[in-house]
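In the order they appear, the protein sequences are chains Z and H. Just so you know, we're using the working numbering here: the first sequence kicks off at 1 and counts up by one. Just so you know, we're using the working numbering here: the second sequence kicks off at 1 and counts up by one.
Hints are not guaranteed to be accurate.
[Stated by the list, open to error] Cβ-Cβ distance ranges computed for the label pairs, FRET-style:
#1 H:Pro65 x Z:Glu103: 53 to 61 Å
#2 Z:Glu103 x H:Ile192: 38 to 46 Å
#3 H:Val188 x Z:Arg325: 23 to 31 Å
#4 H:Thr315 x Z:Ala266: 47 to 55 Å
#5 H:Ile192 x Z:Arg416: 39 to 47 Å
#6 Z:Gly101 x H:Val37: 40 to 48 Å
#7 H:Val252 x Z:Gln326: 33 to 41 Å
#8 Z:Ala266 x H:Val188: 22 to 30 Å
For the record, the hints were derived by calculation from the structure and aren't laboratory data. Quick caveat, the model's predicted, so the values are computed rather than measured. Just so you know, even glycine gets a beta-carbon here, dropped at the ideal spot from N, CA and C.
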Amino acid sequence: MELELRGITKRFGSLVANDGIDLTVREGEIHALLGENGAGKSTLMNVLYGLHAPDEGEVLVDGEPVRFSSPGDAMAAGIGMVHQHFMLVPGFTATENIVLGSELTRGGGLLDRRRARARVLETSERFGLAVPPDALVSDLAVGVQQRVEILKALLREAKVLVLDEPTAVLTPAETDDLMRVMRELADSGTSIVFITHKLREVRAVADRITVIRRGRVVGSAEPTASQEELAALMVGRDVRLVVDKAPAEPGPPVLEVAGVRVTDPAGALLLDDVSLTVRAGEVLAVAGVDGNGQSELTRCVVGLQPVDAGSVRVSGEDLTGLSVRQVLQRGVGYVPEDRLHDGLVGSFSIAENLVLDLVDTPAYSVGPSVDRAAVARNAAERVAEFDIRTSSAQAAVSTLSGGNQQKVVLAREMSRPLKLLVVAQPTRGVDVGSQEFVHQRIVAERDRGAAVLLVSTELDEVRALADRIVVMYRGRIAGEVGPDADSEQLGLLMAGARPQEGTA
Amino acid sequence: MSTETPAKEVPPAGPAGAAPRRPAPRRTWLVTVCAVVGAALVGAVLIAVGDARTRAAAGYFLSYPWDTFSNAWYAVRDAYVALLEGAVYSPDLSGKGALGPISETLVNATPLVLGGLAVALAFRVGLFNIGGQGQVVLGAVGAAWIGFAWDLPVGLHLLLALLGGLLGGVLWGGLIGWLKARTGAHEVITSIMLNYVALNLLNFLLSTRGFQRPPYGQAISEQVDAGARLPLLLGSPLRVHAGLLLALLAAVAVHWLFSRSRLGFRLRAVGANPEAARTAGMSVGRLQVVAMALSGGLAGLAGASQVLGVSGSVTGSVAGTIGFDAITVALLGRNNPYGVIGAGLLFGGLRAGGVQMQSTTGVPVDLVGVLQALIVLFIAAPALVRAVFRLRAGGGGVGTELAGGWSR
Numbered sequence: 001m002e003l004e005l006r007g008i009t010k011r012f013g014s015l016v017a018n019d020g021i022d023l024t025v026r027e028g029e030i031h032a033l034l035g036e037n038g039a040g041k042s043t044l045m046n047v048l049y050g051l052h053a054p055d056e057g058e059v060l061v062d063g064e065p066v067r068f069s070s071p072g073d074a075m076a077a078g079i080g081m082v083h084q085h086f087m088l089v090p091g092f093t094a095t096e097n098i099v100l101g102s103e104l105t106r107g108g109g110l111l112d113r114r115r116a117r118a119r120v121l122e123t124s125e126r127f128g129l130a131v132p133p134d135a136l137v138s139d140l141a142v143g144v145q146q147r148v149e150i151l152k153a154l155l156r157e158a159k160v161l162v163l164d165e166p167t168a169v170l171t172p173a174e175t176d177d178l179m180r181v182m183r184e185l186a187d188s189g190t191s192i193v194f195i196t197h198k199l200r201e202v203r204a205v206a207d208r209i210t211v212i213r214r215g216r217v218v219g220s221a222e223p224t225a226s227q228e229e230l231a232a233l234m235v236g237r238d239v240r241l242v243v244d245k246a247p248a249e250p251g252p253p254v255l256e257v258a259g260v261r262v263t264d265p266a267g268a269l270l271l272d273d274v275s276l277t278v279r280a281g282e283v284l285a286v287a288g289v290d291g292n293g294q295s296e297l298t299r300c301v302v303g304l305q306p307v308d309a310g311s312v313r314v315s316g317e318d319l320t321g322l323s324v325r326q327v328l329q330r331g332v333g334y335v336p337e338d339r340l341h342d343g344l345v346g347s348f349s350i351a352e353n354l355v356l357d358l359v360d361t362p363a364y365s366v367g368p369s370v371d372r373a374a375v376a377r378n379a380a381e382r383v384a385e386f387d388i389r390t391s392s393a394q395a396a397v398s399t400l401s402g403g404n405q406q407k408v409v410l411a412r413e414m415s416r417p418l419k420l421l422v423v424a425q426p427t428r429g430v431d432v433g434s435q436e437f438v439h440q441r442i443v444a445e446r447d448r449g450a451a452v453l454l455v456s457t458e459l460d461e462v463r464a465l466a467d468r469i470v471v472m473y474r475g476r477i478a479g480e481v482g483p484d485a486d487s488e489q490l491g492l493l494m495a496g497a498r499p500q501e502g503t504a
Numbered sequence: 001m002s003t004e005t006p007a008k009e010v011p012p013a014g015p016a017g018a019a020p021r022r023p024a025p026r027r028t029w030l031v032t033v034c035a036v037v038g039a040a041l042v043g044a045v046l047i048a049v050g051d052a053r054t055r056a057a058a059g060y061f062l063s064y065p066w067d068t069f070s071n072a073w074y075a076v077r078d079a080y081v082a083l084l085e086g087a088v089y090s091p092d093l094s095g096k097g098a099l100g101p102i103s104e105t106l107v108n109a110t111p112l113v114l115g116g117l118a119v120a121l122a123f124r125v126g127l128f129n130i131g132g133q134g135q136v137v138l139g140a141v142g143a144a145w146i147g148f149a150w151d152l153p154v155g156l157h158l159l160l161a162l163l164g165g166l167l168g169g170v171l172w173g174g175l176i177g178w179l180k181a182r183t184g185a186h187e188v189i190t191s192i193m194l195n196y197v198a199l200n201l202l203n204f205l206l207s208t209r210g211f212q213r214p215p216y217g218q219a220i221s222e223q224v225d226a227g228a229r230l231p232l233l234l235g236s237p238l239r240v241h242a243g244l245l246l247a248l249l250a251a252v253a254v255h256w257l258f259s260r261s262r263l264g265f266r267l268r269a270v271g272a273n274p275e276a277a278r279t280a281g282m283s284v285g286r287l288q289v290v291a292m293a294l295s296g297g298l299a300g301l302a303g304a305s306q307v308l309g310v311s312g313s314v315t316g317s318v319a320g321t322i323g324f325d326a327i328t329v330a331l332l333g334r335n336n337p338y339g340v341i342g343a344g345l346l347f348g349g350l351r352a353g354g355v356q357m358q359s360t361t362g363v364p365v366d367l368v369g370v371l372q373a374l375i376v377l378f379i380a381a382p383a384l385v386r387a388v389f390r391l392r393a394g395g396g397g398v399g400t401e402l403a404g405g406w407s408r
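Excised from the complex, chain Z in its bound form:
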């Protein structure tokens, strides 16, 4: 089956998310759709999947124009989608999830579990997608859950499979496995649209590459193109993937985390005896696949998460058990991993967000009132200093792009004198142009003498910024390496392999 999108335009209010996009996916090819976050990839796929109606343009299947008004229509036409966030029912088994929505029934409306199970097994064998049919989805690893999603589409006879950022949640080994599956599927005639912003993966698996920037197709490339070429296409200019920085000059220890242990309400260990030290003037990067305790670690440091055992010290002072406010007052800056959830109040203006934690300080108050002139003055300064692109500091912060939102968070945290800066996923959802800026500010903060604790799942970022790297796996520190460690070494640690001490 050949799929063609012709002149697709989709607007949200005054924003043009897709602007006359043409895209052809041939039978049995892996077609990578490459673009930054916010370039319009997901919007395009939502149009294809019948979730959005295009304002202009049409979708053709085997040369025939089709019109999808719901995902059901798209599925019926042979298009399957695996969303970045899985659409699975955790308390159902793999089989139940796979047949959900097109259940096999016996007479009288009874479920035919046996036939469903057989079909699942058969399909999973045919495509080399091993899935335990009777296991609860909540018990499965993320990579296996993804296979359940893929099987769901395949069982509905999908001829075109759309994978939306499928590797974002996977370990390197799981990623390799997914790529093998993609290759097999393509060889058996299924077309795959692979949405991603990761250059390395595109080069490894794609047959053809279409690059999207700001809602338009800006070019296509062969998988033989270099990473630098692809990055330049993506952002529209040459991008330097390295950050300029002098060697660290570590001072005395600032952050000392000792034997921290955290259990969740269900009793599972989230942090298991974690100890680390960050000195003044150095960046310690915590690498690892999402969900291995990094978030909990940062939350413990700033006092958002109570610890069950262990201690957190900053400049020798024990901060364990202090409130967030007290921790922040002692010179700790915090850039949370999920900006819009934890870092910003979306409906507040940029100016208000810039003083979110400062509004009670004398500088911004007149008696019981907010000193609105001071808030406006501060906003004007920060917007200029951090190059926040906005028409007005009074605009709601949710109207900004991801990169500019991140600049607002950074600007706020860096407007206090910091001894320690805790940064989680600083460039997630941030455009490449702003990434450089964010990285430079973090390094500048280090050079000023602050200790920086950086948590990131992006290895390139970790290597570019770190002076030392620790890897977390299942709530433990799996090992520590230098900033020049290679991907393989880091990948092994991230997947839980024991470091080979002394022999390497």
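Given the coordinates of chain Z, assemble chain H onto it according to the supplied hints.
Same frame as chain Z, now just chain H:
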């Protein structure tokens, strides 16, 4: 909530894009006006159906269809004219003079505005205070007790009685907030339960010596001293009292709280994104307690103003349905203090006019309740209003925000 687009990717803020998408205030007004008109139209159908002469004419509709329509028209016209006269202005009625209707409207609006402010305040902090009823009762009890049991000089007595009302509401509302912050109990559940507790507490007090008025036959409290009563603004027999000024003052105070004060800034932050507020070092639980206490205090003042301004004593029905009507007032006023004043005046007017309508045209006063409900229904389902009145859809819309937001 249906306001967010399903797309995960927000298109980049280019020079052309990134205009803040807020519902235009003009459209907000338009939806409100349309909701009122729509409710009046549905009400007209009910009046026509309820009218005996119209029904009789409908019996021979096929022979003389015009009779049905003209009878219906006269019934509807008479009812709405009476409603309007009872609410705003009528030339001569019951010796109260031309200002009688307006006075009644203001008397009815006063507790609705205070109660509406209470609900709106809590909602801006992300809390749904449906315990207004209980807080009104506690406010009424507090004000009445200080009003009759204490013996104080004139001005001070009123002040302390009002303070007593405020405090009763603060305690009752603050308790809800404290339960939520401490145990995570949902404020909707606890406030409903505390409504029952308050009502039965009132019944208990009304049969208790020291509170009940001698000779202990009736469930009514002692009479509040004249010195603790809110003064009448236009003199007897017009009932409008200084509680109205209190309500207007409270609206200004709430407006100041949210637009200017540091506390209001933090309260709004907690309402808009509690996680971000917590991450910024705010004590979310404490702010929720403060919000509920303030909200309860406003509802308590509504109760106090009823006792000190209108009845002079407490009965089992002192709170009426103020606590629940306040929710609709806040909804109609879109949680904006000045909008709440407008909504309170509208509903107060409907109340006052409804009585007049019933006495002159026989259309039951219950119609007013139906109108109120319909107005709120139209506001909460803006798509309906737009479909009926052919308004252009404006991104997101105010109603979706309300209808969705209230059920959080």
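Tested hints:
Range check, Pro65 (chain H) to Glu103 (chain Z): about 55 Å between beta-carbon atoms, so the 53 to 61 Å window is met. Taken as a hint, the range 38 to 46 Å holds for the pair Glu103 (chain Z) and Ile192 (chain H), whose Cβ atoms sit roughly 40 Å apart. With their beta carbons about 29 Å apart, Val188 (chain H) and Arg325 (chain Z) fall inside the hinted range of 23 to 31 Å. The beta-carbon spacing between Thr315 (chain H) and Ala266 (chain Z), approximately 52 Å, falls within the hinted interval of 47 to 55 Å.
Separated by about 44 Å at the C-beta atoms, Ile192 (chain H) and Arg416 (chain Z) satisfy the suggested range of 39 to 47 Å. Restraint check, Gly101 (chain Z) to Val37 (chain H): a C-beta distance of roughly 44 Å satisfies the suggested window 40 to 48 Å. Remark: the range hint 33 to 41 Å for Val252 (chain H) to Gln326 (chain Z) is upheld by a beta-carbon distance near 35 Å. Between Ala266 (chain Z) and Val188 (chain H), the C-beta spacing of about 27 Å keeps the proposed range 22 to 30 Å intact.
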